[in-house]
Amino acid sequence: MFKIFILIIFNLFLIFPSYSNSTNEYNNQENGKSSIRVDLLFGAGYMMWVCTHSGNSCSSAFTITNGTAIEVEKGDTFYVGIAALPRICDFYKVTNSNSLAVISYWGTVFKPNFNIFGDETIQFLNRETTYNLIAGCQQFQGKYNEKY
Amino acid sequence: MKNIKVKSSRRKFIANLAKIAALSSSVSTIKSFGFNSVNALQLPNFPNGIVPYLEKFENWSGEVKARALWTYAPKNSLEILQIVNWAKNNNYKVRPKGKMHNWSPLTIANGIDVSSRVILIDTKPYLNKVKIDKSQFPSKVTAETGISMENLLNALEEQDLGLTVTPAPGELTLGGVLAINGHGSAVAAANENSLSLGHSYGSLSNLIISLTAIVLDNESNKYILKKFERSEPNCQAFLVHLGRAFITEVTLQVGKNQRMRCQSIIGIPASEIFGKEEVSKFSFAKLVEKNGRVEAIWFPFTDKPWIKVWSVTDEQKPKASREVKSPYNYPFSDNLCDELAKMIKTIISGKTSITPQFGKLEYFITAGGLEYNQSFDIWGWSKNVLLYVKPSTLRVTESGYVVLTKRSNIQRVLNEFYTYYNYLIEKYRERSIYPINGPVEIRVTGLEESDDIINTSALPPLLSSLKKNSKYSEWDVGIWLNILTFPGTPYSNEFYMNIEQWIFANYSEPYAAVRVEWSKGWAFERNSVWKNKLFIENQISKSFYSEIAPVSDLELASAIYQKYDPYHIFSSPLIESLKI
Ligand SMILES: Cc1cc2nc3c(=O)[nH]c(=O)nc-3n(C[C@H](O)[C@H](O)[C@H](O)COP(=O)(O)OP(=O)(O)OC[C@H]3O[C@@H](n4cnc5c(N)ncnc54)[C@H](O)[C@@H]3O)c2cc1C
Numbered sequence: 001m002f003k004i005f006i007l008i009i010f011n012l013f014l015i016f017p018s019y020s021n022s023t024n025e026y027n028n029q030e031n032g033k034s035s036i037r038v039d040l041l042f043g044a045g046y047m048m049w050v051c052t053h054s055g056n057s058c059s060s061a062f063t064i065t066n067g068t069a070i071e072v073e074k075g076d077t078f079y080v081g082i083a084a085l086p087r088i089c090d091f092y093k094v095t096n097s098n099s100l101a102v103i104s105y106w107g108t109v110f111k112p113n114f115n116i117f118g119d120e121t122i123q124f125l126n127r128e129t130t131y132n133l134i135a136g137c138q139q140f141q142g143k144y145n146e147k148y
Numbered sequence: 149m150k151n152i153k154v155k156s157s158r159r160k161f162i163a164n165l166a167k168i169a170a171l172s173s174s175v176s177t178i179k180s181f182g183f184n185s186v187n188a189l190q191l192p193n194f195p196n197g198i199v200p201y202l203e204k205f206e207n208w209s210g211e212v213k214a215r216a217l218w219t220y221a222p223k224n225s226l227e228i229l230q231i232v233n234w235a236k237n238n239n240y241k242v243r244p245k246g247k248m249h250n251w252s253p254l255t256i257a258n259g260i261d262v263s264s265r266v267i268l269i270d271t272k273p274y275l276n277k278v279k280i281d282k283s284q285f286p287s288k289v290t291a292e293t294g295i296s297m298e299n300l301l302n303a304l305e306e307q308d309l310g311l312t313v314t315p316a317p318g319e320l321t322l323g324g325v326l327a328i329n330g331h332g333s334a335v336a337a338a339n340e341n342s343l344s345l346g347h348s349y350g351s352l353s354n355l356i357i358s359l360t361a362i363v364l365d366n367e368s369n370k371y372i373l374k375k376f377e378r379s380e381p382n383c384q385a386f387l388v389h390l391g392r393a394f395i396t397e398v399t400l401q402v403g404k405n406q407r408m409r410c411q412s413i414i415g416i417p418a419s420e421i422f423g424k425e426e427v428s429k430f431s432f433a434k435l436v437e438k439n440g441r442v443e444a445i446w447f448p449f450t451d452k453p454w455i456k457v458w459s460v461t462d463e464q465k466p467k468a469s470r471e472v473k474s475p476y477n478y479p480f481s482d483n484l485c486d487e488l489a490k491m492i493k494t495i496i497s498g499k500t501s502i503t504p505q506f507g508k509l510e511y512f513i514t515a516g517g518l519e520y521n522q523s524f525d526i527w528g529w530s531k532n533v534l535l536y537v538k539p540s541t542l543r544v545t546e547s548g549y550v551v552l553t554k555r556s557n558i559q560r561v562l563n564e565f566y567t568y569y570n571y572l573i574e575k576y577r578e579r580s581i582y583p584i585n586g587p588v589e590i591r592v593t594g595l596e597e598s599d600d601i602i603n604t605s606a607l608p609p610l611l612s613s614l615k616k617n618s619k620y621s622e623w624d625v626g627i628w629l630n631i632l633t634f635p636g637t638p639y640s641n642e643f644y645m646n647i648e649q650w651i652f653a654n655y656s657e658p659y660a661a662v663r664v665e666w667s668k669g670w671a672f673e674r675n676s677v678w679k680n681k682l683f684i685e686n687q688i689s690k691s692f693y694s695e696i697a698p699v700s701d702l703e704l705a706s707a708i709y710q711k712y713d714p715y716h717i718f719s720s721p722l723i724e725s726l727k728i
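Quick note, the sequences are listed as chains A and B, same order. Sequential numbering from 1 applies to the first sequence in the working numbering. Sequential numbering from 149 applies to the second sequence in the working numbering.
To be clear, the hints were calculated from the coordinates, so they are not data collected in a lab. Think of the CB as a built atom: it goes at the ideal place given N, C-alpha and C, for glycine as much as any other residue. Careful: at least some of the hints might be erroneous.
Here are some chain B residues pointing at chain A (derived, C-beta under 8 Å) [said to hold, decoys possible]:
hint: 1; residue: K429
hint: 2; residue: K434
hint: 3; residue: P466
With a cut-off of at most 20 Å between alpha-carbon atoms, the simulated EDC-like pairs for lysine to aspartate or glutamate come out as follows [stated by the list, open to error]:
hint: 4; chain 1: B; residue 1: K434; chain 2: B; residue 2: D451
hint: 5; chain 1: B; residue 1: K404; chain 2: B; residue 2: E305
hint: 6; chain 1: B; residue 1: K438; chain 2: A; residue 2: E71
hint: 7; chain 1: B; residue 1: K434; chain 2: A; residue 2: E71
Whenever a hint applies, use it, and build me the whole structure from the sequences.
As structure tokens, this is what we get:
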């Protein structure tokens, strides 16, 4: 009985979010910028996309790993896309400069939840879902650039 | 009297763990021998109508015990006076006793018995009245010292008042907390203006406006009650006194109650949180800079600490937060079910090499618990987010120090500590030794700024670990370093001794200085704690000495105690070893 309990616990270690080291894939260290860090759920693929200058200049979608930190400016919008079915696209807007925020995803890949530390720095706009994996999260990009 | 020696024998360790498991599953009930007038007869000429009883003493960690000691719960201060004056005439010590949560044996030495001529005064049952005065700014609360912190905070909350600094458990008595400069974790956040509301960022002792102590009246040669105002020079020694005094009542300055939010972050690696300044924007110092109130709990052999960040908010609940209407919102860290306690015992008593997995288990329980209890982001009145530890939490022992320095040095201090701690843990691991199985806990507070006490020319608490060093007026923070482990873990005292030596050598002037955290473990030797005479004589004395002051704070305090308690009625062997 006890052995089974131990086994369950160690299995839980394996499936529980294993947060890997942070990487700065989109790193733009300038004054006035805010740093946003994303801590991810284990087992899901994630991507991100950032638009600046009221949507006039957007990055292409890029894959992120756990602990990715990006540098953004007040007014920028970005999404965190989770490769599940349906695909999940969480849109955020940057509302503060010279600050920091951490978005921590938790729950399951199919029903991901998140907390924002620093919600005076970023504002969660909306969650979109889509089965259209080709158009992906980008299909909503215009909507958020126009609206916010 | 027995020394406190935690032997590193495996057998004893296993026995201790069995106790820990038992203790963890239920709050230990202290066996009372009950009121017994026959017992009282054994104390010659004891004051009429006061009937002491024999009761077991056991501190929270189970490391300081006495099978049966004379104890009495006085109904008022006059009864205490009667007992103290009897003690003077009969060569007894009087020891105020709160919730017995202190790790260091300030109250009594371990293992004493009824022949030791000690009488314990239990302040909790009756000495708990509280009165609030809001007629002037800043508001004041006058409380008897047996009141629990939680009851005090409840009374304040009813009047829209609260504290910025308070220890995490609510069960501690006010008298116990003030004795050792009890603290929380808070410095001002960017753009924060809580000082103007009557708050302060040092220890709770810095909030004292006046206090009533039991002191010798030279004329009558009797102990009497004496009220000290904070501006009186002699008051300085009674604000923090380690139990070398008996305080019956205090008046504290209190501020407007605040709405607070506490957010947990569990995904930032320790290498960033405690990394060099330039390594990450998500460092401990950056979080302090932004929010002012941060705590890190870093379980052994895990790479991501549990970070709590508190922020003061306006009346509006942040959309994402869960409102909490009572304290203790991390039940996963307070309630260890029997099954789990048994498992912990089995894993560790079996082989300490499983400590790395145990650390991961602790992290796992935290992460899962935060999610299950929806405690990642909580919000409410200050008390409901500042009190978060129940006595049923896993019983551990810990070492405690505070590094005094400039706020701009926070990250440097932590990075140096992190680097050395990792190095030392690795050195032991190479020998397959795992002395530390609990977390490292980090908090940051302000220092004792007497100016925070409004309308009084207040003097600082002489013996507070957070007292400012007059030579370095630019030092403005205290960084608390705590390392936790199960009592009796093999090699833990040796590990603590090594890291203590390093801490005192590393944090030196003009960059920083270190003081011990009175309530916890210090003065380690290879097989004991609180026994290292050289450490007490050199390091502790030195830490209360400033080149520009004529005498050290310890000497000054000692002279004041000598004046008001020349019979050393309020003392214990550990206090005597400090020469106060
Ligand atoms: C799980 C746990 C968590 C803790 N967390 C914190 C924390 O977050 N912050 C912090 O600062 N500390 C913390 N502590 C330490 C705690 O604040 C101290 O040990 C405190 O002294 C305990 O209060 P008590 O009522 O249990 O006092 P006791 O342990 O009963 O007494 C402590 C000392 O105070 C003296 N004393 C008690 N009442 C009086 C009085 N009326 N007059 C004079 N002397 C008196 C006693 O004689 C003794 O010397 C923690 C302890 C534990 C066990």
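Hints, one by one, checked against the model:
{"no.": "1", "hint": "K429", "result": "holds (4 Å)"}
{"no.": "2", "hint": "K434", "result": "holds (6 Å)"}
{"no.": "3", "hint": "P466", "result": "holds (6 Å)"}
{"no.": "4", "hint": "K434/B - D451/B", "result": "holds (19 Å)"}
{"no.": "5", "hint": "K404/B - E305/B", "result": "holds (9 Å)"}
{"no.": "6", "hint": "K438/B - E71/A", "result": "holds (17 Å)"}
{"no.": "7", "hint": "K434/B - E71/A", "result": "holds (15 Å)"}
Every hint from the earlier list agrees with this structure, and none is contradicted.
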